[in-house]
Amino acid sequence: MAVGLEHFLILSAVLFSIGLYGALAKRNAVVILMCIEIMLNAVNIAMVAFSRYGHLLTGQVFAIFIMVVAAAEVVVGLALVIAIYRSRETVDVERIDLMKW
Amino acid sequence: METGIAISFWILAAVMVASALAVVWLRDIFRAALFLVLCFFSVAGVFVILGADFLAAAQVLIYVGAIAVLIIFAIMLTRETQRGSPSGRFRFIAFLVGLLFLVTVTLVVVSTDWHAITEIPAEPTTSSLAQALFSGESGFVLPFEIAAVLLLAAIIGAIVLVRER
Amino acid sequence: MLKTEPIMINFGPQHPSTHGVFRMRVTFDGEVIVDLEPIFGYLHRGIEKLCESKTYTQIIPYTDRLDYLASMSNNFAYVMAVEKLAGIEIPERAQYLRVIVAELQRIASHLIAVGGFLNDLGAFFTPFMYMFREREKILDLFEMVCGQRLTYNYMRIGGVSHDIPPEFLPALKRFVDEMPGYIDEYDQLLAENEIVLARSKGVGVLPADLAINASASGPVLRGSGVRWDIRRADPYSIYDRFEFEIPVGKMGDTYDRYWVRIQEMRQSVRIVRQAMAELPQGEVRAKVPATLRPPQGEVYARIESPRGELGFYLVGDDSPHPYRFKVRAPSLINLTLLRDLCIGWKLADAIAILGSIDIVLAEVDR
Amino acid sequence: MPEVALAIFLLPIFSFVVISLIIRPFLNKRPQLSWYVTIASIGASLILSLWMLVEVIKAPGHVLPMPDYQWLVIGDTSIHLGVMADSLAAVMLIVVTVVSLVVQIYSRGYMHGDPGYCRYFAFMSLFTGSMLGLVLADNLLFLFVFWELVGLCSYLLIGFWFHRPEAARAATKAFIVTRIGDFGFLAAILFLYAKTGTFDIGELQHLALVGAIGGTALTWAAIGIFSGAVGKSAQFPLHTWLPDAMEGPTPVSALIHAATMVAAGVFLVARLFPMIASSYEAIMTVAIIGGFTAIFAATMGMVMNDFKRILAYSTISQLGYMMLGLGVVGVGVARGAVALEVGLALGVAVGIFHLFNHAFFKALLFFGAGSASHATGTFDIREMGGLRKAMPWTFATFLIGSLSIVGIWPLAGFWGKEQILSQAWHYAPILFYLAMITVFMTAFYMFRLLFLAFGGEYRGGAHVSLRESPAVMIVPMVLLAILSVVSGWLPISEFLGGESHSFFGALASPMAWASLLLAALGILLAYAIYSKKWISAESMRRRFAPLYTIVSRKYWFDELYENVFVVRILVDGIFALFHWFDDHIVDGMVNGIAGGTIAAGREIRRLQTGQLQAYGLAIFIGILAIIAFFMIFG
Amino acid sequence: MGVLEQFQHWLLGYWPSWAAYLVPAIVAFLVLSSFILLVVMAFIYIERRGVGRFQVRLGPNRAGPLGILQPVADAIKVLVKEDIIPSRGDRRIHWLAPIIAFMPALAIFAVIPFGPRAIFTDINIGILYIIAISSLGVIGVFMAGWASGNKYSLVSALRTVAQLISYEIPLMLSIAGVLIISGSLSMVSIVEAQSIPFILLQPLGFLIFFVAATAELNRTPFDLLEAESEIVAGYHTEYSGMKFSLFYLAEYTHAFAISAIVATLFLSGWKGPFLPPALWLMIKVFLVFIVLFWARSTLPRLRVDQLMGFAWKGLFPLALLNLFITAAEAIIWPGFPWQLLILNLLIAALLIVLWSGLFRVAGERVSFHRYGRGIAKGMALTFRHLFRRPITVQYPEQRLTPAPRFRGNLLVWDEERCNGCRACARACPVSIIDIETKKGDKGLIVETLEIDFGRCLFCGLCVEACPVAALFMSRDYEQASYFRESLVVKKEQFIAAEKRPSAYAYPDLEAEMPPQTLLAPPKEKG
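Residue numbers (this note's numbering), protein chains in the order written: chain A, 1 to 101; chain B, 1001 to 1165; chain C, 2001 to 2366; chain D, 3001 to 3634; chain E, 4001 to 4526.
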């Protein structure tokens, strides 16, 4: 049957929840960043779907800006992970918990 | 044309979800990264279906070309001694939250009627996208500049963080 | 902090870019070389011990195999040593022939050295092929004279084994006329090539005092600006009759060593041209008893081989066999500099520096 | 004429200024200069006072009209000050200037060689100036300023030898006790100002008489003013400071604690007599306190062994008499037994006339004490004795003074006391009987003092050579002796508006005979115990042991005040309360808040686990909750 | 509307819609890929011959006429070879890596216009698609490096990726310059916009693109990947057999793709006076490729850090400047008149001079301070060598005659003359000659003669020592055998051997010896 807006939204929701699970459950910092990327992609799909079914280009413009932000976020995230790895020889999120009382 | 799009949508969706699950499920990080690349590709495919061709190319260029490479670099640089990416203490709660989130969002999506316009926007998006981005008053010139500054800041920040003293 | 311990890589005997069987144990910290330990001895044949049981004439073929890229100068040095020990005078023509042949040998050896060096810089064999073309011409001449292209065994105690065939001089004349043109071609190809300059300028700088203290010799020493050439400093045979300059480098880096070798080729062509002009007629070999028994005593004769000061130390004891036969191999001594030159540079530079020092393992290991 | 009035009290102040700013800092090597300046200024004031007296006598109604000057303008209220030149003021001027002049002359000898010589005469001239100012002031506020200045001078002079701890303590004690009184006085002034809007005494008197000020308000104001008088004249509750004030040099005691300052209280009541008299309760308190203080002080005077303390108690007793005089006449007026106009003048006359006489003979007695201690080196009468032979002049003048204070007929003391007794008899019979007993006691302790000090053999240390005081001390004593005799005969009472009496007529009244009889009895008892020793002092003391201890411990008032009031009530009571309040309530609150936050902090920080994913989880659960909420409630 | 679309629309009428689209696409894909493979084969052959010719040598000419079948031979050899899979590495990724490396190169051809309508699909984001796909190659390299499990290939994979990424940016920016002029992303419209080939309008852009492209291809000055002098053979050390051939093929397909892009972007694609458009494109492609391997055969290799430095400090700023200048020109002269050509050339020269001035190599400012003249001279020299006769000969067919005195490797023994005096045995330094003689009537008769040529030095001393000239050096040089024993030559073999003595030690024989073939025979006149 024809592919409506709901299909894309549900698809992006599924993707988002998978990414969310990954981000919250995984112990390796790099995998967490990967899952965050998946979540951002899910949002992108939803945005583009809206622009396609709403005949308004702002959806795509937003998608571009989300990509920019995602790129910046990954760059800084990975820089942090590497810096942490260098100083504490681990990327296991559960062992990077200095910021507590 | 319709059935073509439907078929390719279902295929791409299946691939995407499968690769996303793989990323989350696999223990070997490098394989997870490769599946991530596959996931990005399928997202680009979905963009093509949705008629956003410029975005599809941009997606491939940015995500696969840059971000995936960066992640793989990071994996190489922080070579994990203990195997792969075990899941942490919050496995079950996270799974629960994810599921709950999915259920609620689907409920929302299904219940609201989106009065979507179904026919396919024909013309290619590149020029109109450029118009949207750069045209004088209605355009997004300022956000564009800010995004540029954001990227610059991110790059300099990353360099300073990673530079070996 | 995560301490990155230095990795130790073995540039094994069979690595393509080392000149023959020579191993380097290089320790890296990241990209930069922290320590380099040359290991040689794979080609040790015990020539010096072997020659103690050979008659003086039988030793000559062994000297060919010491520095197989410059066999003529090996013979020349050995034969001079024996003549000095035995006090034999050799005819004028032989002297000239020896000089012509030695200088041709120097050009051939430098061609190989420069070709190899550029190949190490990654020039994909093209300059190497050009230089081999010129070397072939010289080898043709040698084949004409002594019948072999590599291990000539041309010189005999008291002179040379054979006189030159009639077609030798015209061929030599053509070679001598064309060679400067080819050398200019090399300059055009490489002297100002930005990538060559980038890879060699200022790389592996050898300060003059270190060179002198490490008793380096040949193009390696002259590259660092020390004007020391045995042909001029301690002129042997008839070198004092020819006039030629001694090219000297400025900075003592890899580029200067390359430049010195190119200029020396030009000077050698000048010497050969002068020698050809003054080639007298006459005997090529002095009367020497079949089983020569040089008097008791020791002698040290040295010549300026393409790689530096090649010296033969002979101890005679009135017997046909030398009591002690020692070779002062310039490559071995120049090789000791490798470690100081390479520290602080990257791996690619180490290969280039090794190429610029131009060693021949046969001479190093003996 | 107004310049004269101002000059009277400004001259001594000017001499104070001259001494303290010029002589003391620069000419300290020749201190006598300060004596000359003081004598000159006070002498001039005396002459001017006399001239003013003459003017007042000539003036109709004995009041000279005086202009007033603007002193302060605060906002819309302006305060004018001027001078009241009436008979009361003139009389007081004469008393103050005469006694002050005599004391300065006496002080030259007494203070000879004392390092604080200039400082002494500076304070003396300041005191005299402010006393004169007090007397002349026509404005309550102006009067209060001089009132305080006088208190200050008494403090400075009592504590003149400040390096002696007892003197310093006595000075502060005097100052604080009088302050308590002044507090009431100031409250009254302000209360009156709040009520009437003016400080001028004349206006206030007029308003009080007219009844403009409410009954109870007037009573409270009168009691306030009377409390100032009680404080300054050392009446019953606030009397403890005067005996201790004897630490100061004797001329000071003579001038301040005999004649002038202590009399200021009586003068105040006299000056504001119409206002006080118009409220029955107030005048009744005056009378009662006056009568009671008289007998009360007299009992303590009988048992003292210190020469000057006996005289101090006698002064308190005599002041009690003056208050009594004023009080009884006022009671009569308040009860309407006497016509208002006449009664008021009569009361003032009775009180001030006794004050006039008392000033002279009390100064004389103090001079006697001074010369006796000057010779023997001590004030303890048990170590004296037999001074009659060594110091004939001192003995003679002292005898005249004693006789005068006891109230023997022709002498000054008799006239004043007799008037008071007769008035008391008319209006307050109970107080009259108290007064009669006081007459007996006064006679007893004066002559006890006389016999112990001057009679019998010298009981002091052997090494002291008894010699008569120098002329400069004897001459003023003789002068005062004469005045003690003569002052009674002067028509002061009539001048002030009281009844006149004949020289011999007084003897006619049975009252006079009764008092004379009691006085003779007192003298006889003292003669018996101390001169002839028929009755041994010891046995008397044993027989009346409990009474004796009570009186000798001065009814424990000192202990009462120091321990009970100061320590137990104030320090342990109120201040302790304050201390507790400050510690527990104020600090408690502050520390409480701090402690509370720290405790809360220790608990809440447990929430921060440092695990990023925990925070992420919390965020998303929150989002889900919000979405669910909106879903359900639309 | 490309030919393919027309075909598809025509077909729509007959088949179900999905078939109408799918089948032609697959057919076209097969045709295109086979064409590409053929061209790649041609590329390989041309390169090997070309480089040979540059180096004054013949180059492969054995397999097939003029060696044309050489690439086929290579392919067969590679296919036959055993396909090693490293045990420690990751098997599946090891298998997948070459495919991922090869796929982008092939995918680029989907948008290369071989003619005005001969294009696989003309999507309007043509060039962006190319950039996106070309950035995919990086993933393949990573997978190869990672999966082969050995330390060196991982490190070299990281280095190669770093190089690819740093050169991708100048590549894209220079393309941006072209886009500003052409105004559209689609390849077809770019070519149509090239009334004046963009190489003239955008000289600096072309230069940067070309240099960045060579770096993308890992060739010549940037071929750090297989730098023998460095880490062996880079990330594909562990690959052999079919997988290695895929990599090799990927490299050349990518080269073909890049030259096709250069042709379309800068040399105005299929436009040409009279030849068919596709042919024009192929000519331009071959021209570009020739320049590629011409550079490869002359220039030495840059060191890793210089390489990176050149990318970031050299090409990237120049590309940005070029972009700004083109943008400025687009505003000032929207029509891009031809006069711009001169202006751009000037600007390009100026910029190169200025920018190279900044460069400094240890010691004084040397490289590029004479704006690349050295490289140009070197290239000119190698070009001149194209026209020189190669000095190598077809050995087995053409043989060189050695010098008369040549000391060949077997001795020639003249049995009659030999008198068994054993002078030669004594003279031999390695004493490999043992002769037994027995008394014969007129002298000694050589009974046995054994010479162990395994240890012979060919020094010729024995021949000189022979008093009776019974011993000669021979003139041939092909004695080789599998066993050491066979190198010991006995008397009978000497006698039986076909005697071709050389004139060593016998000057008089030299006259009748054949003249030596000299590489540089003396000039006739003397």
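Note that these hints are calculated values from the structure, not bench results.
Among these hints, one or two may not hold up.
If you anchor each label on the Cβ, the simulated ranges turn out as follows [claimed, not checked]:
id	chain 1	residue 1	chain 2	residue 2	range
1	B	V1108	C	P2006	57 to 65 Å
2	B	I1005	E	R4092	47 to 55 Å
3	C	G2344	E	I4342	30 to 38 Å
4	B	A1148	E	E4192	55 to 63 Å
5	D	R3602	B	R1089	19 to 27 Å
6	E	A4349	B	I1005	24 to 32 Å
7	B	L1152	E	A4349	47 to 55 Å
8	A	M99	B	L1152	38 to 46 Å
9	C	P2006	D	G3596	38 to 46 Å
Quick list of in silico lysine to any residue cross-link-like pairs, SDA-like style, CA-CA up to 20 Å [said to hold, decoys possible]:
id	chain 1	residue 1	chain 2	residue 2
10	E	K4523	C	F2168
11	C	K2346	E	K4151
12	E	K4313	B	I1156
13	C	K2201	E	R4455
14	C	K2054	E	K4151
15	A	K100	D	A3614
16	E	K4151	B	F1030
17	E	K4313	B	F1030
18	A	K100	D	R3606
19	C	K2054	E	K4523
20	E	K4523	C	K2201
These figures come from a predicted structure and were not determined experimentally.
Every residue, glycine too, gets a C-beta built ideally from N, C-alpha and C.
Verification of the supplied hints:
1. B:V1108 x C:P2006: 57 to 65 Å: 59 Å, holds
2. B:I1005 x E:R4092: 47 to 55 Å: 32 Å, violated
3. C:G2344 x E:I4342: 30 to 38 Å: Cβ of G2344 of chain C to Cβ of I4342 of chain E: about 48 Å, so the range 30 to 38 Å is violated.
4. B:A1148 x E:E4192: 55 to 63 Å: About 32 Å separates the Cβ atoms of A1148 of chain B and E4192 of chain E, which means 55 to 63 Å is violated.
5. D:R3602 x B:R1089: 19 to 27 Å: For R3602 of chain D and R1089 of chain B the Cβ distance comes to about 25 Å; the hint holds.
6. E:A4349 x B:I1005: 24 to 32 Å: 53 Å, violated
7. B:L1152 x E:A4349: 47 to 55 Å: Distance hint for L1152 of chain B, A4349 of chain E is violated at roughly 31 Å.
8. A:M99 x B:L1152: 38 to 46 Å: For L1152 of chain B against M99 of chain A, whose Cβ atoms are near 28 Å apart, the range 38 to 46 Å is violated.
9. C:P2006 x D:G3596: 38 to 46 Å: 59 Å, violated
10. E:K4523 x C:F2168: 12 Å, holds
11. C:K2346 x E:K4151: 18 Å, holds
12. E:K4313 x B:I1156: Status holds; Cα separation ~17 Å.
13. C:K2201 x E:R4455: 45 Å, violated
14. C:K2054 x E:K4151: Measuring from Cα to Cα gives roughly 51 Å; hence the hint is violated.
15. A:K100 x D:A3614: 12 Å, holds
16. E:K4151 x B:F1030: 16 Å, holds
17. E:K4313 x B:F1030: 32 Å, violated
18. A:K100 x D:R3606: 9 Å, holds
19. C:K2054 x E:K4523: 44 Å, violated
20. E:K4523 x C:K2201: 40 Å, violated
The structure is inconsistent with the numbered hints 2, 3, 4, 6, 7, 8, 9, 13, 14, 17, 19 and 20, although it conforms to all the rest.
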